[in-house]
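Colleague: This is what each chain is made of:
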Amino acid sequence: QKEVEQDPGPLSVPEGAIVSLNCTYSNSAFQYFMWYRQYSRKGPELLMYTYSSGNKEDGRFTAQVDKSSKYISLFIRDSQPSDSATYLCAMSPSSRLTFGEGTQLTVNP
Amino acid sequence: DVKVTQSSRYLVKRTGEKVFLECVQDMDHENMFWYRQDPGLGLRLIYFSYDVKMKEKGDIPEGYSVSREKKERFSLILESASTNQTSMYLCASSGVGAWPQHFGDGTRLSIL
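In order, the protein sequence lines correspond to chains A and B.
Read in order, the letters of the first sequence correspond to residues 577 to 685 in this note's numbering.
Read in order, the letters of the second sequence correspond to residues 320 to 431 in this note's numbering.
Be a bit skeptical, because a hint or two may be false.
Claimed, not checked - Heads up, simulated DSSO-like pairs for lysine-lysine below, C-alpha to C-alpha not over 27 Å straight-line:
1. LYS618(A) <-> LYS332(B)
2. LYS618(A) <-> LYS390(B)
3. LYS322(B) <-> LYS376(B)
What the hints assert, rightly or not - Sample of chain A residues lacking proximity to chain B, with all beta carbon distances greater than 10 Å (derived):
4. PRO586
5. PRO590
6. VAL595
7. MET610
8. ASP634
9. GLY635
10. PHE651
11. PRO657
12. SER671
13. GLU677
Since the hints were derived computationally from the structure, they do not count as laboratory data.
Computed from a predicted model, the values in this text were never measured in an experiment.
Every residue, glycine too, gets a C-beta built ideally from N, C-alpha and C.
Build the full structure now, drawing on both the sequences and the hints.
Modeller: Quick look at the structure:
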């Protein structure tokens, strides 16, 4: 069983929709949680990171962590075609990162 | 902005060849990482280095070695390339601590 589970999709939504991307994990030692965005033929770029349970907001993006359920989410409000990419969750106890498989998102104009 | 540069975007090599993948970062980061990315498997850590001449095995080090002679440069070496090493290879760097990691744009390596 993988330490981090992420539905690979693909996920297709109309422009303006609210998108919810999720990961579950099994390692209770994970303390740091990140979301990366990866455009086609590019490397992953860091979107957001958080340390504790709760919500963190940055513009149209909200990251949510529920440590009791071992569940993290990324919400994208008012999604745009430019948000079309693969989104990877990543988490760490203190040193190495463990990545989810990534969810491929397409936002249709 | 942090810049992580991988020397080649695309590379085609033959089975049995010794292959070198190069990575350079410009932010004086202590930590550097090599991953491979495969469909259905995500990113998997091959090796990482937390200082010059220091290295640690990741989750899938078999068939690979690394070299870090200078702080800004981290090389991945395929000792004798095999077809199952065909993949996207990503280099990353970070400052103190393992995150946030900043990635290069990857090298798509094909072994024929």
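Colleague: If a hint holds in the structure, say so; if it does not, say that too.
Modeller: Status of the hints after comparison with the structure:
1. For the hint linking LYS618(A) to LYS332(B), the alpha-carbon distance of about 22 Å falls within 27 Å, and the restraint holds.
2. Distance check on the hinted pair: LYS618(A) and LYS390(B) sit about 24 Å apart at the alpha-carbon level, within 27 Å; holds.
3. Between LYS322(B) and LYS376(B) the alpha-carbon distance is near 24 Å, which keeps this suggested pair within the 27 Å criterion.
4. A cut-off of 10 Å between C-beta atoms confirms that PRO586(A) is not in contact with chain B; the least separation is 12 Å.
5. The Cβ of PRO590(A) sits about 26 Å from the closest Cβ of chain B, beyond the 10 Å cut-off, so the non-interface label holds.
6. At roughly 20 Å, the least C-beta separation between VAL595(A) and chain B is larger than 10 Å, which holds for a residue marked as non-interface.
7. The claim that MET610(A) lies off the interface is violated: its Cβ sits roughly 6 Å from the closest Cβ of chain B, which falls inside the 10 Å cut-off.
8. Its beta-carbon lying about 14 Å from the closest one in chain B, ASP634(A) satisfies the requirement of being farther than 10 Å from that chain.
9. The Cβ of GLY635(A) lies farther than 10 Å from every Cβ of chain B, with a closest approach of about 18 Å, so its non-interface assignment holds.
10. Distance check on PHE651(A): its Cβ is at least 20 Å (rounded) from any Cβ of chain B, clearing the 10 Å threshold; non-interface status holds.
11. Chain B leaves PRO657(A) outside its interface by the beta-carbon criterion, the shortest separation being 21 Å against a cut-off of 10 Å.
12. Distance to chain B contradicts SER671(A) as a non-interface residue, since its nearest Cβ pair spans about 5 Å, not more than 10 Å.
13. Look at GLU677(A): its CB is around 4 Å from the nearest CB on chain B, not clear of 10 Å, so calling it non-interface is violated.
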